[in-house]
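These are the residues of each chain, in order.
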Amino acid sequence: AQTVTQSQPEMSVQEAETVTLSCTYDTSESNYYLFWYKQPPSRQMILVIRQEAYKQQNATENRFSVNFQKAAKSFSLKISDSQLGDTAMYFCALMNYGGSQGNLIFGKGTKLSVKP
Amino acid sequence: DTEVTQTPKHLVMGMTNKKSLKCEQHMGHRAMYWYKQKAKKPPELMFVYSYEKLSINESVPSRFSPECPNSSLLNLHLHALQPEDSALYLCASSSGDPYDYGYTFGSGTRLTVV
Chain A
3 AQTVTQSQPE
13 MSVQEAETVT
23 LSCTYDTSES
33 NYYLFWYKQP
43 PSRQMILVIR
53 QEAYKQQNAT
63 ENRFSVNFQK
73 AAKSFSLKIS
83 DSQLGDTAMY
93 FCALMNYGGS
103 QGNLIFGKGT
113 KLSVKP
Chain B
279 DTEVTQTPKH
289 LVMGMTNKKS
299 LKCEQHMGHR
309 AMYWYKQKAK
319 KPPELMFVYS
329 YEKLSINESV
339 PSRFSPECPN
349 SSLLNLHLHA
359 LQPEDSALYL
369 CASSSGDPYD
379 YGYTFGSGTR
389 LTVV
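Top line first, the protein sequences correspond to chains A and B.
For the first sequence, the working numbering gives the first residue as 3, with consecutive numbering after it.
For the second sequence, the working numbering gives the first residue as 279, with consecutive numbering after it.
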């Protein structure tokens, strides 16, 4: 069975500071991908960052970076210079890739509030 | 066009009504998905269409009926729903290309069953 666990239901951070969201996962597959999605109050799920499991180098996208520890099955998201627009629900997700389409398995989410 | 468009954005329906949700994408994606999301919960997969054929049905009740008329369009037909079916219904698409993984989500339809 594949699972994704986010142990922090809610977090808050001051504007301009750095915050790290935790995610652990479990899968028996060797080929998989990991994602962080953001869902603001507007409801749309927005891809923040993604990581291929076979790549050792941690992915970065502007202010967003991940710490991918494959042996520990850990995939945390670091947000630097937090902005008010970062306030959202953040979901960690796992996709085992096989065939023509995959299936996203989501964690329960972390609600992040950025305070002015 | 890099969007997934869902209509309507909001829908209120009675338990005896029949309604449909619509999802459209023009990115050439060959896989399309319906997810159901209850408040403060992660999305739950309902259906997957791959190359216009239903490939996954996650034991969804028959009062939800998906349809994929063509590669750009995905519908979800609703009939005799229950109040507990009230939720945000998200559509997503993906190319299916291993080098272009990741889903593009629409902004959802907020459904209320009264």
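None of these hints come from the bench; they were simulated from the model.
For clarity, every value in this text was computed on a predicted model and none was experimentally measured.
Careful: at least some of the hints might be erroneous.
No more than 25 Å apart at the CA atoms, straight line, and that leaves these computed lysine to aspartate or glutamate pairs for DMTMM-like [to be verified]:
1) B:K287 with A:E17
2) A:K110 with B:E345
3) A:K75 with B:E322
4) B:K318 with A:E31
5) B:K287 with B:D363
6) B:K296 with A:D83
7) B:K319 with A:D28
8) B:K316 with A:E17
9) B:K318 with A:D88
10) A:K113 with B:E362
11) A:K110 with B:E330
12) B:K318 with A:E17
13) A:K113 with B:E345
*Assess, step by step, whether the Cα of K296 (chain B) is no farther than 25 Å from the Cα of D83 (chain A), and give holds or violated.*
violated, 48 Å
*Do the alpha carbons of K287 (chain B) and D363 (chain B) lie within 25 Å of each other, as the hint requires?*
holds, 16 Å
_With the threshold set at 25 Å, check whether the alpha-carbon distance from K75 (chain A) to E322 (chain B) stays at or below it._
Holds, at roughly 22 Å.
*asked:* Would the hint linking K318 (chain B) and E17 (chain A) be met if the CA-CA limit is 25 Å?
replied: Roughly 24 Å between the alpha carbons, so the hint for K318 (chain B) and E17 (chain A) holds.
*Are the Cα atoms of K110 (chain A) and E345 (chain B) separated by 25 Å or less?*
Violated - the C-alpha atoms of E345 (chain B) and K110 (chain A) are around 29 Å apart, more than 25 Å.
_25 Å limit on alpha-carbon distance, applied to hinted pair K316 (chain B) and E17 (chain A)_ = violated, 29 Å
*Would the pair K318 (chain B) and D88 (chain A) pass a check requiring their Cα atoms to be no farther apart than 25 Å?*
Holds: K318 (chain B) and D88 (chain A) sit about 17 Å apart, inside 25 Å.
*asked:* Run the distance test for K113 (chain A) versus E362 (chain B): straight-line Cα separation, threshold 25 Å.
replied: Within the cut-off at roughly 24 Å; holds.
_Agreement of K110 (chain A) and E330 (chain B) with the hint, judged by alpha carbon distance not exceeding 25 Å_ = violated, 30 Å
*Can the restraint linking K113 (chain A) and E345 (chain B) be considered satisfied, given a maximum Cα separation of 25 Å?*
violated, 34 Å
*Verify the proposed pairing of K287 (chain B) with E17 (chain A), using a straight-line Cα cut of 25 Å.*
violated, 31 Å
*Is the Cα-Cα distance between K319 (chain B) and D28 (chain A) 25 Å or less?*
holds, 20 Å
This entry does not satisfy hints 1, 2, 4, 6, 8, 11, 13, going by the numbered hints stated previously.
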